[in-house]
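A.B. asks: Listed below are the residues making up each chain.
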Amino acid sequence: MERRLFNPREWSVLLIVALAAVIWLALSRSGPGGTRAIVERGGEIVLSRELEGLKAPETVEIEGENGVSLRVELSEEGARVSETNCADRTCQRTGLITRAGESAVCLPGRIVLWLEGPKTGRKLDAETY
Amino acid sequence: MLTDERKARLPLGKRAILLGMVFALLLAGLIIWQFLSREREYELTAFAMGSYVQQTVWGREPETAGAEAVQGIEELEREISWRRDGSVALINSRAGGEPVALSESTAELLAEMRELSDRSGGALDITLGPVTRLWDFDNGPKLPREDELRDALALTGWRELELTPDRAAKLEREGMALDLGAVGKGAACDTALEGYQIYRIRAAVIAVGGSVGLYGQKPGGGDWNVGVRDPKGSGSLGVLNLPGGFVSTSGSYEKYFEQDGRRYCHLLDPRTGYPAESGLVSVTVWCPPGMDVKYPGALSDGLATACFVLGLEDGMELLESYGAEGIFITEDSDITVTKGLEGRFTLGEGG
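Going down the list, the sequences are from chains A and B. Residues 1 to 129 in our numbering are what the first sequence spells out, letter by letter. Residues 130 to 480 in our numbering are what the second sequence spells out, letter by letter.
It should be emphasised that the hints constitute simulated quantities derived from the structure, not laboratory data. Since the structure is predicted, the reported quantities are computational estimates derived from the model, not experimental observations. You may find that some hints are simply not true.
EDC-like, lysine to aspartate or glutamate: derived pairs with alpha carbons at most 20 Å apart [said to hold, decoys possible]:
no., chain 1, residue 1, chain 2, residue 2
1, B, K423, B, E233
2, B, K299, B, E244
3, A, K123, A, E52
4, B, K361, A, E58
5, B, K468, B, E442
6, B, K384, B, E460
7, B, K347, A, E116
8, A, K123, A, E77
9, B, K361, B, E387
10, A, K123, B, D352
11, A, K55, A, E73
12, B, K384, A, D88
13, B, K361, B, E460
14, A, K123, B, E449
15, B, K423, B, E237
16, B, K347, B, E170
17, B, K271, B, D398
18, B, K423, B, E449
19, B, K299, B, E237
20, B, K384, A, E83
21, B, K361, A, E83
22, B, K423, B, E241
23, B, K361, A, D88
24, A, K123, B, D359
25, B, K271, A, E73
26, B, K271, B, E460
27, A, K123, B, E170
28, B, K361, B, E244
So here's chain A without its partners, still in its complex pose (with noise of 0.2 Å):
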């Protein structure tokens, strides 16, 4: 007589078993992913985006509060305002910001450019300017 180690109805068990131990390995390994750039705009976020695998520079034109507008640009290095019509041009001045934590704020706009990062890892908890 075949010895068999376990019947069907237990083969059936632990291959569900199996499939959710692969699914919950699957979901905590995906992470938090790479730097991403984000834009809020009177405290709503306009723009998420992803840095990392972007091939080429990208622009985007945002249309902030008391008839400011800038364009951001961003890239694998990082985000930056590459232009505004706001007087201040506080943002502007900033430059390319490269590390999670780092931002470029326009007051009069009420926007603002921040780069989020990793939950864990090298990031910046705060800025100083």
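Chain A is fixed; fit chain B onto it per the hints.
C.D. replies: Coordinates of chain B only, in the frame set by chain A:
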């Protein structure tokens, strides 16, 4: 007797099921309890005090603590901004007249900042209002006429801010005006951290513009990483690794205008009425935890301005007298770090 007990028992299979159910219930209860009582991380951004406010809060009620912090900052702004209708605006409008009764917190803030004005020899002067209004860096900055600047400068002087023991304040002469713009963002960080304590928050970091408040032990261990803006380039120059406290920076790159080919930065020397020319482009000040002042955040903010005006040597001396630390960056890009920050500041990547 033994036979009766055996009869009362459930069959083995059913007992096992019952036991399994009890364990499952216990486990479910434990998971639910853990979920409800766990500490969460919450990020909140807002615009307050003419600045971008960023908070990351860890605790059981981070949403409430974060929202309360923003509300507290808005109330503080109303109280200490000369543009609003709180105590500072009232002191200004009654200058040369009747004293204004103050809350305990406002009286303490004014007392500590007047002391800083004194100890810095007027490199920070909280009565610079008549001069800052002429330059109007926030709305339409312009180079004032020499005669109007001279007249405005004659209406300044922190020694003429009278603070009485019964918590009232007055400016001695009509036309004088307080301006707490140089310490407001730091004071806002103080307000937020006070709130975190009330809500028993485990850890938090708040940035009001470029002033930063660090509260509690950073989750996951280690020091907080605070980037220091590069005054001449892009992004951060380096990273400060700090256990807590308050950090503020004053830099000539942050706000300026150009007229007739000359650049005018917003950091005014109260002794001349013109932008400070001390050979520095940026000063970052850290007030470590445990300083014996009520407003260490406002102090870090005010010290950064005072040190920028004073220059490297006098600035370092002032910091030492307070037990604060700093990073001085000159126009020639020389970087000087005070002793207490040696090993805590890393150029470049850091972290």
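A.B. asks: Is K271/B close enough to D398/B, meaning Cα to Cα at most 20 Å?
C.D. replies: Within the cut-off at roughly 16 Å; holds.
A.B. asks: Assess, step by step, whether the Cα of K423/B is no farther than 20 Å from the Cα of E233/B, and give holds or violated.
C.D. replies: Within the cut-off at roughly 11 Å; holds.
A.B. asks: Given the hint that K123/A pairs with E170/B, test it: the Cα-Cα distance must not exceed 20 Å.
C.D. replies: OK: K123/A and E170/B at ~16 Å, within 20 Å.
A.B. asks: Could you grab the alpha-carbon distance between K384/B and E83/A and see if it respects the 20 Å cut-off?
C.D. replies: Cα-Cα ~17 Å, so holds.
A.B. asks: Are K347/B and E170/B close enough, with their CA atoms no more than 20 Å apart?
C.D. replies: 11 Å, holds
A.B. asks: Is the Cα-Cα distance between K423/B and E449/B 20 Å or less?
C.D. replies: Within the cut-off at roughly 18 Å; holds.
A.B. asks: Would the hint linking K123/A and D352/B be met if the CA-CA limit is 20 Å?
C.D. replies: Between K123/A and D352/B the Cα gap is close to 12 Å, so the pair holds against 20 Å.
A.B. asks: Starting from K299/B, check that the Cα of E237/B is at most 20 Å away, please.
C.D. replies: 14 Å, holds
A.B. asks: For the pair we were handed, K361/B and E460/B, check the Cα-Cα distance against 20 Å.
C.D. replies: 9 Å, holds
A.B. asks: Given the hint that K299/B pairs with E244/B, does the C-alpha gap stay at or below 20 Å?
C.D. replies: Roughly 16 Å separates the two Cα atoms, so the pair holds.
A.B. asks: Take the C-alpha atoms of K423/B and E241/B, compute the straight-line distance between them, and say whether it is at most 20 Å.
C.D. replies: Holds: K423/B and E241/B sit about 8 Å apart, inside 20 Å.
A.B. asks: Mind checking the alpha carbons of K468/B and E442/B for me, to see if they're no more than 20 Å apart?
C.D. replies: Holds, because 14 Å separates the two Cα atoms, which is no more than 20 Å.
Hints 4, 14, 25, 26 and 28 from the list above are not met by this structure, while the remaining hints are.
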